[in-house]
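**Student:** Protein chains in written order, with full-length UniProt numbering: chain C, 1 to 807; chain V, 1 to 807.
Be careful, since some hints might not be right.
Pairs of lysine to aspartate or glutamate, DMTMM-like flavour, derived with a Cα cap of 20 Å [said to hold, decoys possible]:
1. V/Lys142 with V/Glu109
2. V/Lys403 with V/Asp446
3. V/Lys90 with C/Asp483
4. C/Lys272 with V/Glu114
5. V/Lys142 with V/Asp160
6. V/Lys272 with C/Glu629
7. C/Lys467 with C/Asp446
8. V/Lys89 with C/Glu221
9. C/Lys89 with V/Glu109
10. C/Lys403 with V/Glu496
Just a sample of chain C residues kept apart from chain V, beta carbon distances all over 10 Å, derived [unchecked claim]:
11. Val234
12. Ala435
13. Ala450
14. Asn714
To be clear, the hints were calculated from the coordinates, so they are not data collected in a lab.
Note that beta-carbon positions come from the ideal geometry of N, C-alpha and C, so glycine has one too.
Here is how the chains run, residue by residue.
Protein chains: 2
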Amino acid sequence: MQFGHFDDEAREYVITTPHTPYPWINYLGSQEFFGLVSHTAGGYCFYRDAKMRRLTRYRYNNIPVDDGGRYFSINDGGDVWSPSYRPYKKDLDRFETRHGMGYSRITGERGGLEASVLFFVPVDVNAEIHQVTLTNTSDAPKSVDLFSFIEFCLWNAEDDQTNYQRNLSIGEVEVEDGAIFHTTEYRERRNHYAVYGVNAPIAGFDTDRDAYLGYGNRFDEAVVPHSGASTNSVASGWYPIASHHLKADLAPGESTQYTFVLGYLENAEDDKWEAPGVVNKAAAKELLARFASNEQTDAEFARLGEYWANLLGSYTVSSTDSKLDRMVNIWNQYQCMVTYNMSRSASYFETGMGRGMGFRDSSQDLLGFVHLVPERARERIIDIASTQFEDGSAYHQYQPLTKRGNHALGSGFNDDPLWLILGVAAYIKETGDFAILDEMVPFDNDESKAASLMEHLKRSFDHPLEKAGPHGLPLIGRADWNDCLNLNCFSTTPGESFQTTGNKTGGVAESVFIAGMFCAIGPDYAALARRRGDEAEAQRAEKAVADMRQAVTDHGWDGEWFLRAYDYYGNKVGTHETKDGQIWIEPQGYCVMGGIGLEDGKAVAALDSVRERLNTPHGIVLLNPAYTEYHVELGEVTSYPPGYKENAGIFCHNNPWVIIAETIVGRAENAWEYYKQIAPAYREEISEVHRTEPYVYAQMIAGKDAERHGEAKNSWLTGTASWNFVTVSQYLLGVRADYDGLVVDPCIGAEVGEFTVRRQIRGAEYVITVTNSGGKGAALTVDGESIDGSVVPYAAPGSTVHVTATV
Amino acid sequence: MQFGHFDDEAREYVITTPHTPYPWINYLGSQEFFGLVSHTAGGYCFYRDAKMRRLTRYRYNNIPVDDGGRYFSINDGGDVWSPSYRPYKKDLDRFETRHGMGYSRITGERGGLEASVLFFVPVDVNAEIHQVTLTNTSDAPKSVDLFSFIEFCLWNAEDDQTNYQRNLSIGEVEVEDGAIFHTTEYRERRNHYAVYGVNAPIAGFDTDRDAYLGYGNRFDEAVVPHSGASTNSVASGWYPIASHHLKADLAPGESTQYTFVLGYLENAEDDKWEAPGVVNKAAAKELLARFASNEQTDAEFARLGEYWANLLGSYTVSSTDSKLDRMVNIWNQYQCMVTYNMSRSASYFETGMGRGMGFRDSSQDLLGFVHLVPERARERIIDIASTQFEDGSAYHQYQPLTKRGNHALGSGFNDDPLWLILGVAAYIKETGDFAILDEMVPFDNDESKAASLMEHLKRSFDHPLEKAGPHGLPLIGRADWNDCLNLNCFSTTPGESFQTTGNKTGGVAESVFIAGMFCAIGPDYAALARRRGDEAEAQRAEKAVADMRQAVTDHGWDGEWFLRAYDYYGNKVGTHETKDGQIWIEPQGYCVMGGIGLEDGKAVAALDSVRERLNTPHGIVLLNPAYTEYHVELGEVTSYPPGYKENAGIFCHNNPWVIIAETIVGRAENAWEYYKQIAPAYREEISEVHRTEPYVYAQMIAGKDAERHGEAKNSWLTGTASWNFVTVSQYLLGVRADYDGLVVDPCIGAEVGEFTVRRQIRGAEYVITVTNSGGKGAALTVDGESIDGSVVPYAAPGSTVHVTATV
């Protein structure tokens with residue numbers, strides 16, 4: 001069942017009913033100010049940090065789901081409703097939400113009145129814009145009352161949920177010329193405030209929640225819109241809100257338009273007050289002036305469109321499969337940009353209060369946006385590497401505001417170092433900027449301990465060699481990519497986090513997955529060393545990789561698939577010898593990516609085992625059989641009910657590794673089938689099962705052992721975005737940057753018969769026309785000339801290169 | 001305006017409308033299992049720890065206020081409503097909530113059907129009982145569908161608000177014989193589960209929230225009660241709930257009754273499962289069997305009544321002022337027991353996730369319940385003293401489950417040590433148990449560092465002497481009683497807690513308030529030393545007190561009142577020399593209690609200044625004039641808007657110190673007037689202004705500088721309860737325990753002309769009949785004989801002593 005459709009030309013998803021199976025959201029903002037907005041106008045916005053600078057309140061885990069947001073209420077002759085359906089839930093003659101690139105437009109029509117609200121955050125502006133258009137679609141004049149509503153939060157979202165002894169006493173506002181200023185806590189150590197204004201005269205306002213809603217009322221019972229008049233309330237403690245009242249007289253067919261601005265402002269410490277107790281509002285007035293006319297607003301909206309059109313031009317495909325095209329050209333890249341902006345902080349599943357920037361997450365996210373914003377990727381690499389320790393290990397997370405490592409979580413996730421090499425290699429392949437390797441980068445944010453980025457990579461490379469176990473495989477530490485496989489830090493204390501409990505020493509827990517990563521990523525380190533003229537280091541690295549491949553062959557093979565790990569006691573994990581958890585997905589994908597078993601049949605055998613034991617129509621599960629009993633020595637993984645999360649759920653993040661592995665062994669049909677299983681556009685028709693947005697990936701889908709097999713959770717903020725984009729763009733469509741040229745090596749199902757990829761890189765454009773019959777090993781021509789191999793050399797900036805590939 | 005009335009005979013407050021100005025709640029439970037229940041059935045319950053063992057979900061700061069709780073829905077021929085009014089908000093023909101001692105009974109009647117729900121936690125049972133009675137009050141037969149509803153929480157309430165990546169995947173239940181078992185996380189390191197059962201056959205059940213409510217619906221839109229049929233849903237992840245469906249056929253006038261049991265159970269680690277994946281439910285079945293018949297439930301309810309009748313017999317008054325009687329005999333003592341049970345953890349203002357047991361809080365709370373449960377007071381004293389450090393300082397808070405000090409908050413609140421002396425002295429006066437002073441008590445919970453409790457008191461006594469400043473006054477540390485006067489740990493970092501930021505060293509910030517405390521409490525230390533035969537120590541202590549009185553006289557007097565403090569820079573706080581914050585309440589009360597200025601007129605002058613500058617009809621404000629500008633060097637206090645909280649709000653906790661001081665100087669009318677200003681029963685008629693419950697104290701009332709002057713916040717969990725009980729029982733009514741006898745020294749307004757206090761102490765009963773004409777200095781007779789002074793010697797256990805006092 002569908003609840004909307006794609007509008008590819010407009011780069012929008014169009015939701016045509018409020019009754020989606022879950023709130024379907026979008027993100028506003030591209031620089032420092034961001035908003036989350038659902039298809040019924042739920043959500044919140046913040047400046048930089050969703051915990052410390054949240055402007056509006058949002059209640060997770062609420063009844064009803066997704067209550068609260070930016071609500072525009074209409075009183076049309078006593079009939080009170082909202083174009084966003086919620087909160088009134090009045091039937092609409094027409095409902096439509098268009099989620100586009102950095103904006104959403106919600107339109108409702110009822111009783112001969114159309115109301116449309118465009119939400120966006122302009123480029124480089126710290127404000128949400130709510131442009132409201134009212135149109136009288138009836139044949140009689142109308143006098144309409146319009147009420148805005150947002151609920152201010154106290155700006156530390158965690159405190160907002162816990163400290164009522166303080167928070168109910170501090171709320172303060174000012175109202176001036178129809179603009180509502182939220183000034184809570186401004187008097188003390190803060191120098192920021194919020195404003196909610198509108199570019200039209202107001203008939204009244206409210207800033208006290210109880211005055212607007214009526215004490216004890218639900219959103220849909222709000223007394224002010226029902227009475228048709230604001231009370232001009234001034235909040236004193238309790239719950240400051242902002243609501244404007246506007247009156248519109250509309251002839252038949254007539255439209256009117258208002259621009260509401262919800263902004264964040266800062267003042268200098270010595271310029272906080274314009275009079276004792278009166279906030280200096282000059283910055284806010286300047287902001288409001290930028291949106292004084294609706295034409296100014298339109299111009300800012302056009303500028304946002306240009307920003308996104310420009311971004312999305314780096315990689316496009318044109319094929320006969322519109323689902324493929326919309327994933328590649330629009331939504332997968334868009335999601336990659338959102339993960340760049342948000343990391344794992346604020347979504348409808350992540351509260352914005354918890355996780356910082358992950359070393360591992362950020363390094364992988366980078367793979368998905370390096371071609372879009374290479375200069376920002378460079379900055380991100382330096383930030384990440386700065387949280388590395390001298391021994392090559394790294395803080396697992398760092399704080400976005402301070403860019404300092406998170407001591408509470410610490411280090412000891414032994415896959416972390418290798419991801420840095422992968423990210424840096426991707427950046428250099430994209431840009432040719434080898435100079436980044438000479439950048440001096442601190443360890444542990446300590447400038448006195450700075451070393452070249454290349455030295456950082458060396459320590460990353462050496463880390464799994466130095467932390468190797470009895471089988472010559474890398475020690476796993478607290479966990480590797482699988483956060484819930486905690487082989488050294490399981491705990492029997494209820495409620496204690498597995499990941500942060502003490503990391504046991506003297507253990508022998510080894511990760512076959514990290515070994516696979518080492519073999520896949522190590523060659524890039526060797527290549528970088530060679531290109532810097534350090535042939536000895538390159539050969540040392542290549543020998544280490546070869547040794548690791550041998551160690552996996554000798555000690556990481558279970559007979560039909562790769563083992564997952566050895567536990568703290570030296571027992572195998574992921575073996576046919578145990579009842580549950582016999583085969584795990586991660587090493588099957590990454591060991592093949594690491595070139596292990598390509599010659600002796602292990603690679604194909606492992607992938608056949610995946611197909612036989614792990615694959616489902618909804619994606620490839622993480623392990624099989626699901627654990628039905630609790631095994632504390634494995635850590636968190638077995639704490640989940642069968643089929644959910646790491647206990648045999650479908651992790652959309654690691655499916656791509658299997659897909660890439662299938663392209664490596666040349667099985668185009670398998671790869672293509674696996675891709676389509678989890679790609680959201682292909683799941684649109686089963687939205688009632690999938691539940692989360694059909695335009696972006698979710699982190700996970702319930703596995704075959706779960707009651708709710710096929711149901712997705714945790715959409716938007718997941719490394720799934722970047723890995724699937726890498727997979728489809730670089731391996732299925734087969735166009736990937738390398739050091740000296742663009743590799744063109746498609747391996748995609750025969751049903752995608754012909755397609756054209758346009759790739760802008762290093763200032764040139766490549767137009768690659770592929771004639772595909774499935775399989776692998778394309779014959780290439782470049783500007784009409786046949787070439788050997790699969791590498792199209794980089795052309796001079798400004799040139800356009802025409803490539804044909806025939807598979 | 002009133003929203004109900006007191007029923008003193010039943011010891012109940014009767015709320016007669018759902019439309020109170022705030023949720024008016026009650027507490028269930030007396031041992032380890034507790035519930036909070038509002039007059040419209042909102043709230044939640046927990047076992048011991050409201051953060052780690054919360055059974056049901058509750059949303060603070062919600063729209064609508066107080067949505068969610070234990071809801072019973074009735075479908076009477078298609079008319080769906082609830083006796084608790086919420087969530088349906090259907091008009092009721094009759095509504096009544098009776099909050100009693102450890103129970104609440106909510107009754108609603110509509111369309112000829114009466115539904116009444118009795119909520120209580122039986123003594124020594126880890127369960128909430130919901131006894132539902134349906135009565136057909138119409139003259140026609142009725143077929144009624146009844147649906148229960150509670151929403152399970154994941155038992156770590158903080159995680160429940162933040163970790164959706166995990167929590168939405170782990171929900172599990174079992175249903176067996178009509179009982180619903182919540183088993184989420186049981187599979188892993190927990191061995192506890194919850195059950196919700198009923199003693200009658202069910203027609204169906206639901207355990208999945210979306211199935212019960214319908215996805216996206218509000219509580220009042222729940223599809224199951226509206227459809228009249230359960231769906232027998234079994235939750236798998238997302239939101240486990242419990243709902244039963246019962247069918248009742250009722251002839252005119254007929255009643256039926258059901259007992260629902262919501263319980264907490266634990267199993268031994270090696271006895272968790274009755275079959276693979278099936279929880280061992282033996283303990284739950286045993287619990288349900290205790291409530292298999294409604295007669296069993298009635299018997300348990302009767303037992304609860306006896307428990308409270310017994311508790312409240314220790315101190316009673318009978319006067320012509322029913323408000324005075326109900327405060328003293330019922331509600332103030334009840335609130336003291338609640339503060340004993342809850343400390344500051346779980347109320348409608350405290351989320352149950354944050355604050356542990358306070359060293360200072362608990363020591364003062366003890367003053368209010370030591371006469372009710374002396375054996376528990378003894379245990380509490382040992383717990384508190386065990387968190388003291390060897391230098392006399394103390395952890396400011398400790399964890400209730402582990403009884404260990406809270407490292408995050410640490411120590412350095414320099415009033416803390418003295419409160420321990422006050423609590424121990426109160427305990428010994430009540431019980432005569434001097435042996436407690438010989439108990440070996442650890443420092444910092446380290447048994448190897450144990451010393452006698454008397455040694456702990458010595459270190460408490462010496463602490464302010466050793467930590468004295470340049471004026472010979474005690475250093476204040478992070479803060480004294482006033483949490484927001486942070487003279488050594490103010491911070492300019494936005495969002496950083498004043499209380500926990502680094503405690504600056506080398507400062508000279510001194511507290512006149514702690515000096516007053518020392519002078520008031522020090523004599524008790526001297527008395528204890530003397531009674532143990534250590535005359536030298538007694539004299540040393542008395543000299544130190546005398547010296548401190550002199551230091552206050554020399555350096556703590558501003559001319560018309562006592563100074564509050566010296567700040568970090570040595571500047572005076574609470575002086576006429578500054579624009580704002582000229583006079584503070586705390587030292588005025590406590591210095592007089594400490595005997596300072598009684599002879600030279602300073603005491604009366606200070607109290608006159610309080611009356612002139614701080615008193616209002618709603619109570620005495622904390623300081624005046626309110627600070628209108630931010631002073632970082634004073635800490636948090638000036639961060640509040642004028643009139644709120646510590647910035648010139650009315651703190652009901654410190655008003656009693658002024659009242660006691662007024663009795664010390666013999667001004668009965670002032671004392672009595674101040675008492676009535678804040679005592680909730682006297683504010684019942686202005687409930688629309690006061691807003692919180694008229695039967696218990698709130699922590700604070702907005703002061704005269706606030707927009708909402710007279711509005712209370714933070715009801716229930718406040719040291720206000722114990723201090724007001726101490727004040728009214730020991731100083732106004734004037735009956736207080738001393739080491740050798742009962743002091744009878746009333747000082748109460750003349751309008752309370754005659755009254756009788758009955759006091760049970762040390763096994764004897766004292767019947768004290770007072771004839772009062774205001775003023776002070778009663779003439780006493782004991783069993784008909786005149787005695788000198790005010791001390792009635794303790795009589796032999798079992799005896800009844802008749803005392804008359806004439807003022």
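**Student:** Determine for every hint whether it applies to the structure shown.
**Tutor:** Structure-based check of each hint:
no.: 1; hint: V/Lys142 with V/Glu109; in the structure: holds, 14 Å
no.: 2; hint: V/Lys403 with V/Asp446; in the structure: holds, 12 Å
no.: 3; hint: V/Lys90 with C/Asp483; in the structure: violated, 49 Å
no.: 4; hint: C/Lys272 with V/Glu114; in the structure: violated, 60 Å
no.: 5; hint: V/Lys142 with V/Asp160; in the structure: violated, 41 Å
no.: 6; hint: V/Lys272 with C/Glu629; in the structure: holds, 12 Å
no.: 7; hint: C/Lys467 with C/Asp446; in the structure: violated, 24 Å
no.: 8; hint: V/Lys89 with C/Glu221; in the structure: holds, 11 Å
no.: 9; hint: C/Lys89 with V/Glu109; in the structure: violated, 29 Å
no.: 10; hint: C/Lys403 with V/Glu496; in the structure: holds, 18 Å
no.: 11; hint: Val234; in the structure: violated, 8 Å
no.: 12; hint: Ala435; in the structure: holds, 37 Å
no.: 13; hint: Ala450; in the structure: holds, 27 Å
no.: 14; hint: Asn714; in the structure: violated, 6 Å
Checked against the numbered hints above, the structure violates hints 3, 4, 5, 7, 9, 11 and 14; every other hint is satisfied.
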